[in-house]
Amino acid sequence: MIEMQDVWKEYPNGTQALNGISVHIQKGEFVYVVGPSGAGKSTFIKLMYREVRPTKGHIFVNGFNIERLKDRKIPLLRRSIGVVFQDFKLLPKLTAAENVAFALEVIGLSPRQIRKRVADVLAQVGLEDKMNMLPSQLSGGEQQRVAVARSLANNPAVIIADEPTGNLDPDTSWGIMRLFQRINDRGTTIVMATHNREIVNSMRRRVIAIEQGTIVRDEQRGNYGYDD
Amino acid sequence: MMTKWVRHLREGIRNVIRNGWMSFAALSAVIVTLAVLGFSLILTFNVQQMSTSVANQLEFSAFLDVNASNQIGQQVADQIRQMPDVSSVQVISKNEGMAEMKKELGSEMSDVLNAFKQNPLPIQLVVKPKDPHEITAVADQVKLIHGIAAVRDPHQLASAIFRTLDVIRDVGVVFVVALLITSMFLISNTIRITIFSRRREIEIMKLVGATNWFIRWPFIVEGMLIGFFGSIIPVALLAVGYRSLYAHAKGQFSGLAFPLVPAGTLTIKLAVILVAIGLVIGLWGGTMSVRKFLRV
Ligand SMILES: Nc1ncnc2c1ncn2[C@@H]1O[C@H](COP(=O)(O)OP(=O)(O)O)[C@@H](O)[C@H]1O
Ligand SMILES: [Mg+2]
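If you're matching them up, the sequences are chains Z and B in order.
Throughout the first sequence, residue numbering follows this note's numbering, covering 1 to 228 in sequence.
Throughout the second sequence, residue numbering follows this note's numbering, covering 1001 to 1296 in sequence.
For the record, the hints were derived by calculation from the structure and aren't laboratory data.
Beta carbons are placed, not taken as given, at the ideal position from N, Cα and C, and that holds for glycine.
Some clues are possibly wrong.
[Said to hold, decoys possible] Computed beta-carbon distance windows for the label pairs:
# : chain 1 : residue 1 : chain 2 : residue 2 : range
1 : B       : R1018     : Z       : D120      : 22 to 32 angstroms
2 : Z       : D6        : B       : S1028     : 56 to 66 angstroms
3 : B       : R1014     : Z       : G126      : 22 to 32 angstroms
[As the list claims (entries may be wrong)] Chain Z side only, calculated, beta carbon under 8 angstroms to chain B, not exhaustive:
#  : residue
4  : R72
5  : P75
6  : R78
7  : R79
8  : V83
9  : K89
10 : L91
11 : A103
12 : E105
13 : V106
14 : I107
15 : G108
16 : S110
17 : P111
Let's have the full structure, built from the sequences with the hints guiding it.
Quick look at the structure:
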């Protein structure tokens, strides 16, 4: 599903963000990526959807060979991945439904198919009543649910999330986590960078810890392992 | 497939409306530029027509020996007609030449002419070359033909006319190109400013797997809409203006004998050229404006 072999990343300004990362993530896994700020978690995530290119090493995601991927094939890779961020990345002038529909227009579905799919995924995240509201009329947790619904719209094999609960209070975070849990139960692979130790510790899923650009720990039923 | 194009069109129109004032600024810039351009095109078309009309009137005269008979005159004329670069040869016989001259001199002076026992005028051949630029070369060839006594040198008049018209045309071309480049930058800058607020939208589109072309099209549509309306407005204004001028001047340059390009023909030419240019400017402006944001 996701395979990295000795991956290095040096940013143009000389920052050494990743130093020889190797991981193998199987279909249906739920993986937490933990580590201190600046450890390289976001870089690790961005490599998967080709937001950044590795300086060295091999990366395979959903059957795409990232090294060899031509620029015009990048959209195909991204359509096979759902991405969720800390800051939601919703368009403020579009309603919840329109924000989700946006992702489907891009791949050229008909308006009828889009309406049906939007209703479907918004129901999955429990927002069927609020589909016509603007992001500003929704709470942080609800906005993140819209973002999750958008990431689900294309029916991706993998969802990657970079600190999706970073801006949310603990109760709301739990709600979002349960949502990811349900999505994972249906077979979707999930890779999530997080700082939420409580959640990581109680879920007991695979934990990959990165420090200074290297994997220092990779446990099948791991815990958060930091005191911060 | 269809829905995609409907979407691009819808988004493009929405962008124009959403960016109201900026669109208006770009539109005004294009209107002004294309109006000036259209105006210089109208001048160019008429100068061109004048040039053709002058060129088509260019001819030179060759004279036979005074003693040559009309029969020989016809023979030599036929010989010149055989030349590949010659369009037509008109023979003015001795008698026709005399009649012409009497008419020009008036009744009193023509008595002087009557005093001649024999007609003193040579047979005159009026030669028109196929390509007016080649008039001197043709005259040189005709000079060599047996039976031709003299050729009136057409050189100076012809080359002076051509030189003037060429200069007018070159200046026009430079002017027009400068105008076009200016308006392209104006459109692309306008879209680029408005695009700043849409960075986030573009970022998200890329994230969910939009192709570069999918992102680009609405911006191109936006540019082309501005280009289109920015061109039909000056076309309409100039067409109406020229039509009334043409009617007023009765189809001629006042004073001179040169005809103006008919209003209908000119409107069609102008519309085709300006609308095409407007669309190209818009296409280019739209493409340039997103370029920077599409690098992966
Ligand atoms: N675009 C960039 N250009 C230069 N350095 C960067 C860039 N993005 C991240 N970095 C640096 O790379 C390192 C890893 O960053 P990041 O992957 O964001 O870590 P994390 O998500 O674990 O906080 C940090 O030192 C950071 O400053
Ligand atoms: Mg980060």
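Which numbered hints fail
Checked against the structure, no hint fails, so every one of them is satisfied.
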